[in-house]
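Undergrad: Fit chain B to the supplied structure of chain A, relying on the hints for placement.
Each protein sequence line maps, in turn, to chains A and B.
Here this note's numbering is used: position 142 in the first sequence is 142, and no number is missing along the way.
If you want this note's numbering, it's the position in the second sequence, counting the first as 1, plus 1000.
Some hints could be false.
What the hints assert, rightly or not - Derived list of chain A stretches under chain B, where covered just means 3 residues or more per stretch with a C-beta under 8 Å from a C-beta of chain B:
| id | region |
| --- | --- |
| 1 | 46 to 56 |
| 2 | 101 to 109 |
| 3 | 114 to 121 |
| 4 | 133 to 143 |
Calculated directly from the structure, the hints in this document are not laboratory data.
Source: prediction; values computed, not measured.
Glycine is no exception: its CB is placed at the ideal position from the N, C-alpha and C atoms.
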Amino acid sequence: MPSDDSAPDGLRLTIPADGEGVRAALGALFDTLMLRALPEATRGTAELVLAEVLNNIVEHACAPDGGEIELMLSLADGALTCQIVDRGHPMPGGALPVGRLPPLDPANLPEGGFGWYLIRSLSEELRYERKADSNRLTFRVPAQPDTKQTRL
Amino acid sequence: MELQAEVQGSLLVVTALEERIDAAGAIAFKERMRELTRAPTRRVVLDLSRVTFLDSSGLGAVVAVMKLLGPDRPLELAGLTPSVERVFRLTRMDSVFPIHADIDASLRHAV
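Only chain B is shown next, with the shape it has when bound in the complex:
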């Protein structure tokens, strides 16, 4: 699972560079996110704009990352493509994560 991390002030932006977060890649995604989010930034935003396929295992991995970040640093999401957005909406997980239209919107958003 290829992920790219960039710190911008108090914000850590992680960009998923692969098109799929699926059952075959869910564990690797979670482990890589665990390493990358050790950087003690105040906020973490996951850029999903390149991800066109997310299954329930991928969703579970995103939820697991939210949980390992703890209550003071909720995982924020940005750039959901229509098929990924639908999985979040159908499972009501869109009510759990702060979701931004894109990374620029997340930068403007003050928490």
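Pulled out of the complex, with its shape left as it was, chain A reads as follows:
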């Protein structure tokens, strides 16, 4: 994995914007020394938030032509800061979705619409910027002691 000399305790990775690329990247990232050092609860949260963010880019921003996604991760005080860049379509309206939990109508249960709700529930300092022709999303996954894992 390429490393960035100017950013200690950081990881940098460019992946293809497709489902298999996301799966492979998560596998590789969460096998790195930096992320293996995180408590299991924080790791689990980080993997879910990153998966939701990357899947959205694959399915919306970079569909149908594909492309590349650049990930920059750094670790400080047990919290993981992530910056994700792609050159796909901008967010509709130039802003992130509100991410409300879809209503659970028993007669017609929702099969989607949970992604941004999970991202917003599990991350902090979520910011989106459209600069030139790229989307830049930054967020933090806070440190979580393992004892709280079952009651997040």
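TA: Structure of chain B alone, referenced to chain A:
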């Protein structure tokens, strides 16, 4: 998506043998479940004890299977690992599915 199916009387137990039900595998999971649940058992239990990662696409696929089974045969879940249980709880889907601690508990449970 590797799934194993076993009929025990009125119960069909499907065990997910892979660690992930994610965006890359969600469609395959749904299609395989559709085939396996053609067996006309009264109950269907999905054993998720080996699954350590479920994202919102995986959750959507599990919901889709619940819907295709119809109202008379709700999809029951067993053996949720902590990270999978959390996704169900955060999305309130834990209120929609009958959830058993493990397969043994589902066998004891009479519907």
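Undergrad: Broken hints, numbered, in rising order?
TA: Violated: hint 4 alone.
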